[in-house]
Structure formats: C-alpha cells, structure tokens
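Enquirer: Here is what each chain is made of, one letter per residue.
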Amino acid sequence: MKFARLVWANLRRNKRRTILTTLSVAVALFLFATLRSVLTTLAGAAEVGSETRLITTNTISIVFPLPQSYYERLRAMEGVEAVSWANWFGGVYRDPQDFFASFAVDSDTYWPIYPEIEVPPEQLRAYMGERTAAIVGPELMKRYGWKVGDRVSLRGTIYPGDWPFTIRGVYRATTKYIDEASFMFHWDYLYEKSDRQADVGWYILQLSDPALAPAVAKRIDDTFRNSSASTETATERAFQASFITMWGNVGFFLNAIGLAVFFAILLVAANTMMMAARERTTEHAVLKALGYGDRLLFGIVMAEAAIVTLLGGLIGVLAARLLFSAATPFDSWMPGFSVTWPTIGLGLAIALVIGLMAGLIPALQAARLPVVQALRRVA
Amino acid sequence: MALVEVRGLTKTYQRDAQVIPVLENLDLDIEKGEFMALMGPSGSGKSTLLNLLAGLDHPTSGSIRVEGQEVSGMSSRQLATWRSRHVGFIFQRYNLLPVLTAFQNVELPLLLTSLSKKERRDHVHTSLNVVGLADRVDHYPRQLSGGQEQRVGIARAIVSDPTLILADEPTGDLDAVAGDEILTLLERLNSEFGKTIVMVTHDPRAADRSHRIMHLEKGVLTR
Numbered sequence: 001m002k003f004a005r006l007v008w009a010n011l012r013r014n015k016r017r018t019i020l021t022t023l024s025v026a027v028a029l030f031l032f033a034t035l036r037s038v039l040t041t042l043a044g045a046a047e048v049g050s051e052t053r054l055i056t057t058n059t060i061s062i063v064f065p066l067p068q069s070y071y072e073r074l075r076a077m078e079g080v081e082a083v084s085w086a087n088w089f090g091g092v093y094r095d096p097q098d099f100f101a102s103f104a105v106d107s108d109t110y111w112p113i114y115p116e117i118e119v120p121p122e123q124l125r126a127y128m129g130e131r132t133a134a135i136v137g138p139e140l141m142k143r144y145g146w147k148v149g150d151r152v153s154l155r156g157t158i159y160p161g162d163w164p165f166t167i168r169g170v171y172r173a174t175t176k177y178i179d180e181a182s183f184m185f186h187w188d189y190l191y192e193k194s195d196r197q198a199d200v201g202w203y204i205l206q207l208s209d210p211a212l213a214p215a216v217a218k219r220i221d222d223t224f225r226n227s228s229a230s231t232e233t234a235t236e237r238a239f240q241a242s243f244i245t246m247w248g249n250v251g252f253f254l255n256a257i258g259l260a261v262f263f264a265i266l267l268v269a270a271n272t273m274m275m276a277a278r279e280r281t282t283e284h285a286v287l288k289a290l291g292y293g294d295r296l297l298f299g300i301v302m303a304e305a306a307i308v309t310l311l312g313g314l315i316g317v318l319a320a321r322l323l324f325s326a327a328t329p330f331d332s333w334m335p336g337f338s339v340t341w342p343t344i345g346l347g348l349a350i351a352l353v354i355g356l357m358a359g360l361i362p363a364l365q366a367a368r369l370p371v372v373q374a375l376r377r378v379a
Numbered sequence: 001m002a003l004v005e006v007r008g009l010t011k012t013y014q015r016d017a018q019v020i021p022v023l024e025n026l027d028l029d030i031e032k033g034e035f036m037a038l039m040g041p042s043g044s045g046k047s048t049l050l051n052l053l054a055g056l057d058h059p060t061s062g063s064i065r066v067e068g069q070e071v072s073g074m075s076s077r078q079l080a081t082w083r084s085r086h087v088g089f090i091f092q093r094y095n096l097l098p099v100l101t102a103f104q105n106v107e108l109p110l111l112l113t114s115l116s117k118k119e120r121r122d123h124v125h126t127s128l129n130v131v132g133l134a135d136r137v138d139h140y141p142r143q144l145s146g147g148q149e150q151r152v153g154i155a156r157a158i159v160s161d162p163t164l165i166l167a168d169e170p171t172g173d174l175d176a177v178a179g180d181e182i183l184t185l186l187e188r189l190n191s192e193f194g195k196t197i198v199m200v201t202h203d204p205r206a207a208d209r210s211h212r213i214m215h216l217e218k219g220v221l222t223r
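Protein sequences, first through last, are from chains A and B. Residue numbering for the first sequence follows my numbering, beginning at 1 and increasing consecutively. Residue numbering for the second sequence follows my numbering, beginning at 1 and increasing consecutively.
Rather than coming from a laboratory, the hints here were simulated on the basis of the structure. As the structure is a computational prediction, the values presented were derived from the model and not from experiment. Think of the CB as a built atom: it goes at the ideal place given N, C-alpha and C, for glycine as much as any other residue. There's no promise every hint is true.
Here are the computed lysine to any residue pairs in the SDA-like style, where the Cα-Cα straight-line distance is at most 20 Å [said to hold, decoys possible]:
1. A:2 - B:111
2. A:2 - B:116
3. A:2 - B:101
4. A:2 - B:119
5. A:2 - B:188
6. A:2 - B:114
Cβ pair distances, simulated, as ranges [stated by the list, open to error]:
7. A:356 - B:192: 41 to 51 Å
8. A:349 - B:17: 20 to 30 Å
9. A:349 - B:41: 54 to 64 Å
Using the sequences and the accompanying hints, generate a full structural model.
Expert: What follows is the structure in structure tokens.
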C-alpha cells in the first residue's frame with residue numbers, strides 16, 4: 001500500500017491518456033458483458049423450459065399448422081394430463097415496427113397449464129366472458145400506455161384485416177424467462193374471424209410424470225407419422241433449445257466477436273502501457289538508483305496496467321448491468337435478458353488478464369532496465 | 001580503517017571484439033566524514049567510478065569495501081537493498097519525479113524501509129528543513145526553481161541517513177548563485193552532520209569547496 005500513491009500519481013501523469021484507455025476498456029467490456037449475457041440468457045431460457053410439458057408441432061416447421069382433430073387423440077394418450085394449443089398471430093399495432101409476440105390461445109385449457117403466467121382472477125373472469133378480450137404483458141401495457149378496458153386494434157400479417165380487441169387483463173410472469181411483452185387472446189376469435197381458416201400452431205401437453213416424456217413423445221409422433229400432418233414432439237425445454245439452434249451457431253459467432261474485441265483492446269492497452277513506460281525510463285533508472293529493486297518496479301508497472309483495465313472493466317460491466325436492468329427493447333426481444341453477477345465476475349477477470357498481459361512487456365523492460373546506461377542518458 | 005576502501009579496481013567495457021579499459025587498477029580510500037571532489041576530463045571514468053561506488057555497476061576486477069562490507073561481489077538484488085540503506089545519490093539534473101510533490105519525492109527512499117507513516121513524515125520534514133524548503137513540501141517540481149529542485153534532490157539523498165552521499169555534477173545545471181547555495185549546503189551537510197560526500201565535478205571552484213580533490217586521467221587516479 002505504501003507504493004499505491006506512486007502508482008496513482010503515475011496514472012494521473014497523463015490524465016487524458018489514462019481516461020481514454022480506461023474508457024476503451026470500458027466500452028470493450030460493456031460489449032463483452034452484453035454479448036455474454038445474450039448467451040447466458042439463451043442458455044437460461046433453454047434451462048427453464050418445463051420438463052413436464054411437451055410441445056407438438058408440425059414436422060416440417062412450426063409455421064405449418066396441425067389439425068384440430070388431433071386434440072382428442074392427444075388428450076387420450078396415456079400419461080397426458082391436459083392438452084392445450086396456441087397459434088402465432090403475428091399482428092402489428094399501428095406501424096409495422098410496433099411488432100410484438102401475439103398468440104391465439106385456447107383459453108379454457110391454456111391458463112391452467114401455465115401456472116407461471118399469473119392473471120388476477122377477476123380479470124381472467126372478465127376475459128373469459130368476452131370473445132374479443134385480450135390479456136397483455138405489463139411491458140406492452142407500459143410501452144403503449146394501455147389500460148385495462150382499452151380497445152386496441154391489431155393488423156393481421158398472417159390473418160389479414162383489422163382485429164379489434166379489448167384488454168381485459170394483465171398477466172405477470174413468475175419466471176424471468178417468460179416474455180412480459182406478449183399479447184394473448186381467444187383462439188376461438190381467431191378461428192371465427194378468419195372464416196374458420198385458422199388451425200392449431202402447436203399443442204402443449206401436460207404430463208403426469210416427466211419420466212414419461214420420451215415414451216409419450218415417441219408414441220405421439222408414431223401415431224401421426226403417416227397422417228397428412230406428421231408431428232414432432234419434444235419437451236418444452238428441448239423445444240426452447242431448438243429455437244436457440246435456429247439462431248445458428250450463435251455461441252461461436254458471439255465468442256468470435258468477443259475474442260476479436262479482447263485482442264483489439266489488449267493491443268490498445270499494451271501500446272498505451274508501453275508508451276507510458278517508455279516515457280518514464282529516466283524515472284525508473286532514478287528509482288533503481290535509490291534502491292528500488294527489479295521486482296518492485298515490475299510490480300509497480302503491472303499494478304498501473306491492472307488498475308487501468310480493472311477500472312475500465314468495472315465501468316463497462318456495471319454500465320451494462322445498470323442499463324439492462326432498466327426496461328430496454330431487449331426485454332421483448334429476449335425475455336429475462338440481464339447481466340448476471342457471474343458475467344460481471346468473468347468480465348473483471350478478463351479485464352485483469354488484459355491488464356496483466358498489457359503490462360507484462362513494459363514491466364519487464366522496467367525491471368531489466370540497465371540502470372547505468374539509462375542514467376548516463378539523463379544524468 | 002577508511003569508510004570506503006577501493007583496491008585494484010578495474011572496469012572495462014566490451015564493444016564487439018574490442019575491450020575498452022575505463023578504470024585501471026585503481027586504489028582509493030575515503031575517510032568517514034570526508035568531502036572529496038573527483039575531477040577529470042570527459043571520458044576519464046569519473047561517472048563510472050561513482051556508479052561503482054554507488055553499487056549501480058559491477059567492477060571487472062578489484063574490490064570495493066564500504067564500512068568493511070564487500071560491495072563488489074553482491075548480486076543485483078543485494079546491491080539494490082544495499083543502495084537503499086547506504087547511498088544517497090544527487091543527480092546533475094535533479095531527476096525528481098514530476099508527478100510527486102517535494103514531500104513525496106523526498107519520501108521515496110523511505111518507502112523501502114519499515115518506518116511507519118509518521119516516522120517517514122518526520123524524516124521527510126527534517127530533511128526538507130535542513131535544505132531550507134520546509135515551506136515547499138506540497139510544491140511540485142515544476143513549481144520550483146532549479147536550485148530548489150536540486151535542494152529537494154539533496155533532501156531525498158539524505159533522508160534515509162545514508163553512509164555515503166554521491167553527487168554527480170550537482171551544480172552542473174545551475175547558475176552561479178544557485179550553484180553556490182548548493183555547494184554551501186553540501187559543505188554544511190559535511191561539517192554539521194558529518195556526512196561523507198564524493199562529488200564529481202568539472203568546476204574547479206566547486207572542487208575547491210571540498211577537502212580533497214582527486215583527478216582521474218584515462219582511468220588512473222592522480223592527486
């Protein structure tokens with residue numbers, strides 16, 4: 001600690017350079033924390049999908065429908081406690097950029113199967129009694145300034161026309177990985193207003209025992225294998241994970257960006273540290289003449305580098321945490337998006353590694369400085 | 001026994017295949033409390049001898065004993081520790097750290113000791129008092145004149161109460177008045193505080209302020 005003042009004084013020597021280096025590390029670590037959080041959020045979302053719920057979709061793709069007639073046959077499967085279904089509506093509000101997740105759900109069966117989506121009982125009762133009623137996520141309510149009882153109209157992109165709704169309830173997700181910016185309404189309304197063109201997008205099956213999942217899924221897919229719409233059934237968790245794979249090798253892509261940022265910032269920091277150390281060759285020689293040993297000088301230069309990058313890292317990751325803890329467009333795009341403490345810890349560790357790597361060469365140069373030659377240049 | 005005993009000191013440098021002798025078989029005794037000036041033309045080996053006495057460099061052969069302790073055989077690490085305890089160095093261009101105040105510059109050698117913060121503060125104030133800069137403790141080098149900077153340099157050299165003060169052209173960058181003040185201060189350190197001082201100088205008037213003048217010619221001491 002005795003030498004902290006010396007380290008601090010050196011950092012203040014060229015304030016502009018120190019601030020710019022710190023900020024460049026901060027920006028890099030902000031980017032790292034954001035990219036890393038995309039990965040952890042995706043992984044987290046895949047983890048929280050229920051193991052006791054199965055999702056059955058069309059084998060070709062989720063955008064291809066399934067017949068309504070499958071409902072009774074699925075309901076009759078051994079091990080299946082309850083079945084519900086939903087369909088992607090894909091409506092837009094006002095302008096095309098006012099896009100959010102909108103689903104038609106079978107209201108009699110959907111809410112009991114999703115206890116983690118809570119709707120106040122009186123609001124649910126009001127919703128159930130009205131054909132055009134909708135239940136909306138709180139973020140969507142906030143975004144558009146809606147209130148319960150408001151009438152809103154969505155424009156259908158899959159099912160053409162204007163679709164008037166009355167907001168009758170606001171749901172609350174008890175897990176952060178469920179989007180709180182969705183718009184849900186009666187599937188019956190979709191069916192009727194689309195001239196009975198709408199089918200089922202996917203079925204949701206509640207199992208009595210998660211251990212039955214592989215067997216039930218196989219039985220379902222075997223049952224419909226040779227029908228007009230063959231099925232693909234998986235646990236909700238696997239279904240969520242399959243969405244992640246739809247992103248392509250997102251992990252590789254994001255890690256590659258992260259690695260490029262790491263090396264770029266390492267070069268920036270190393271260059272700065274080397275410039276700073278080169279400017280102080282004289283002072284290092286003087287300190288050696290005063291009795292400062294090689295190791296001590298090495299430690300002082302390393303400490304300077306580590307402090308700059310750690311400070312920058314701290315600013316970057318905390319800024320990311322603060323920014324994404326407030327409501328952002330990320331919330332609807334990626335529910336549960338947040339910068340976790342492990343990500344912050346990893347970011348700081350990376351900042352420290354950058355500092356140590358950037359400081360290594362100038363620290364070695366300072367430690368190995370031939371004091372007589374260096375003094376001869378300045379004495 | 002002399003405070004510093006130099007025996008058969010030789011220093012050569014290698015430049016490619018060529019061996020360049022700088023000091024040749026040099027013998028020298030420096031008594032405790034002595035103020036000695038070392039003169040000689042450029043390239044005569046004055047600074048090399050000063051560096052060897054300071055433990056900044058290793059001799060090619062011969063020995064240097066300070067207070068009976070053999071210095072020439074020490075490792076670089078041992079020399080660093082030895083320097084911090086036994087040598088106070090005064091540079092021609094002061095070489096203060098511009099980012100530190102006068103107080104902090106003087107405190108630098110004490111950071112290597114086990115003194116408490118209060119003890120360090122007391123030592124620094126005493127040293128700055130001795131050089132007449134008690135009212136400049138919080139000034140940065142850029143806020144001081146050349147003479148004042150050199151006095152801070154001297155305070156830094158004496159703050160750890162070293163065995164030996166080595167001054168390399170301490171008045172070389174100063175005007176006559178400031179130079180004279182520095183020489184007066186060195187005389188005072190020697191006479192009042194009993195400090196042993198070896199001063200390299202080109203200036204005969206500065207050398208005249210010392211007790212003994214030694215001349216170096218092509219690596220050989222002449223009186």
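Enquirer: It remains to establish, for every hint, whether it holds in the given structure.
Expert: Structure-based check of all given hints:
1. Taken as a hint, the residue 2 (chain A) and residue 111 (chain B) pair is honoured in the structure, with Cα atoms around 6 Å apart against an allowance of 20 Å.
2. Restraint check for residue 2 (chain A) and residue 116 (chain B): satisfied, since their Cα atoms lie roughly 10 Å apart, inside the 20 Å limit.
3. Distance restraint check for residue 2 (chain A) and residue 101 (chain B): the Cα-Cα separation of roughly 16 Å lies within the 20 Å cut-off, and the hinted pair is therefore satisfied.
4. Of the supplied pair hints, the one linking residue 2 (chain A) and residue 119 (chain B) holds, its CA atoms being roughly 13 Å apart against a limit of 20 Å.
5. The straight-line distance between the Cα atoms of residue 2 (chain A) and residue 188 (chain B) is roughly 32 Å, outside the 20 Å bound, and the hint therefore fails.
6. The hinted pair formed by residue 2 (chain A) and residue 114 (chain B) meets the criterion: a straight-line CA distance of about 10 Å does not exceed 20 Å.
7. Between residue 356 (chain A) and residue 192 (chain B) the Cβ separation comes to about 49 Å, which falls inside the hinted range of 41 to 51 Å.
8. Checked against the hint of 20 to 30 Å, the pair residue 349 (chain A) and residue 17 (chain B) fails, with Cβ atoms roughly 51 Å apart.
9. Under the hint 54 to 64 Å, the C-beta atoms of residue 349 (chain A) and residue 41 (chain B), about 58 Å apart, fit the expected range.
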